[in-house]
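Please build the complete structure, drawing on both the sequences and the hints.
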Amino acid sequence: MDALGELFVFGVYVAQQMGILLGVGAETLLLCAYLIYNKQTPWGHQHATRLTRQIGLWAVILSGVGAVAVHLVAGQVSTIVAPVFLFKWVLIAMLLAFSYIESRSDHVPVLERAFIRGTGGAQWYALLLVHITAPVISWTNLLLLYAGWMIIFMLGWTGFIYAVSPKKPVQKHFVEKPQKVSVPPPPAPKPISAPLPVITHAELPKPPPPAQPPKPPVILAAPVPRPPAPPAPVAHMAAPAPKPPTYKNDAPSVPAIQVMPRTPEEIAGQNRAAVVQFN
Numbered sequence: 001m002d003a004l005g006e007l008f009v010f011g012v013y014v015a016q017q018m019g020i021l022l023g024v025g026a027e028t029l030l031l032c033a034y035l036i037y038n039k040q041t042p043w044g045h046q047h048a049t050r051l052t053r054q055i056g057l058w059a060v061i062l063s064g065v066g067a068v069a070v071h072l073v074a075g076q077v078s079t080i081v082a083p084v085f086l087f088k089w090v091l092i093a094m095l096l097a098f099s100y101i102e103s104r105s106d107h108v109p110v111l112e113r114a115f116i117r118g119t120g121g122a123q124w125y126a127l128l129l130v131h132i133t134a135p136v137i138s139w140t141n142l143l144l145l146y147a148g149w150m151i152i153f154m155l156g157w158t159g160f161i162y163a164v165s166p167k168k169p170v171q172k173h174f175v176e177k178p179q180k181v182s183v184p185p186p187p188a189p190k191p192i193s194a195p196l197p198v199i200t201h202a203e204l205p206k207p208p209p210p211a212q213p214p215k216p217p218v219i220l221a222a223p224v225p226r227p228p229a230p231p232a233p234v235a236h237m238a239a240p241a242p243k244p245p246t247y248k249n250d251a252p253s254v255p256a257i258q259v260m261p262r263t264p265e266e267i268a269g270q271n272r273a274a275v276v277q278f279n
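The sequence shown begins at 1 in the working numbering and counts up one residue at a time.
If you're looking for bench data, these hints aren't it; they were derived computationally from the structure. Yeah, the Cβ is synthetic: ideal placement off N, Cα and C, and Gly gets one too. Check each hint, because a few of them may be wrong.
Computed spacing ranges between beta-carbons, pair by pair [what the hints assert, rightly or not]: (1) G5 <-> V136: 18 to 28 Å; (2) G148 <-> V73: 28 to 38 Å; (3) A93 <-> G148: 12 to 22 Å; (4) G159 <-> G75: 40 to 50 Å; (5) V73 <-> F115: 34 to 44 Å; (6) L62 <-> Y162: 33 to 43 Å; (7) L155 <-> V73: 38 to 48 Å.
Below you can see the structure in the form of structure tokens.
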């Protein structure tokens with residue numbers, strides 16, 4: 001291998017190391033900012049840090065392509081198909097997917113946002129561990145280690161989020177001591193007039209009965225005086241009254257009809273004893 005080939009291999013190595021350092025460092029700053037600002041700072045305000053992480057990711061991708069070319073030229077196909085080498089490309093593909101999802105999720109709910117940020121950080125740290133250690137193990141052991149790493153990281157990330165979450169303020173109840181306050185004397189009460197009696201319908205006085213017209217006075221009629229008795233007839237001296245005819249009863253055994261005398265002279269002319277007395 002000539003000098004240009006060695007320079008290319010060195011450049012690929014440096015680019016890969018710098019890309020991983022930039023990506024992991026920028027991801028660490030984003031995770032810390034997420035915890036410090038209490039999930040309130042929009043991701044768009046972290047443009048510089050996110051741009052640095054994108055530069056590191058593309059540096060890792062380009063250096064990985066260069067590493068594949070170097071191994072192909074050197075005839076090291078077994079290195080290219082090794083589980084660790086292929087797993088690094090799986091992690092790089094997942095980082096590209098999470099970078100795209102994160103750029104489209106500025107207004108997602110808090111829980112989804114925390115999950116995306118924590119999962120993306122776990123991929124960067126897993127890539128760092130695989131790049132540094134480069135273990136020679138099977139796919140089964142590699143996947144088991146990856147699953148254990150994700151569980152540990154996400155539990156720790158959840159614990160950090162819970163630790164920095166704002167707690168509800170505890171309201172303390174303070175008992176204030178009563179203060180002596182001089183109370184002015186109350187004003188003299190105003191005279192209260194007696195309330196007017198409430199007259200219900202049952203207590204209303206009954207209206208007086210209508211006045212009856214006065215009865216006409218009873219006028220007692222004066223007793224009608226009796227007419228005086230006619231005076232006794234006075235005999236006139238000049239012309240005496242003629243004597244009534246007398247009737248003689250020739251048959252004393254037979255009763256005769258006698259006319260009721262009207263004057264003493266008629267009584268004297270009858271043949272029977274006088275019964276009427278004249279005063």
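#### Entry: Hints violated by the structure (listed by number, smallest first)
Violated hints: none at all, because every hint is consistent with the structure.
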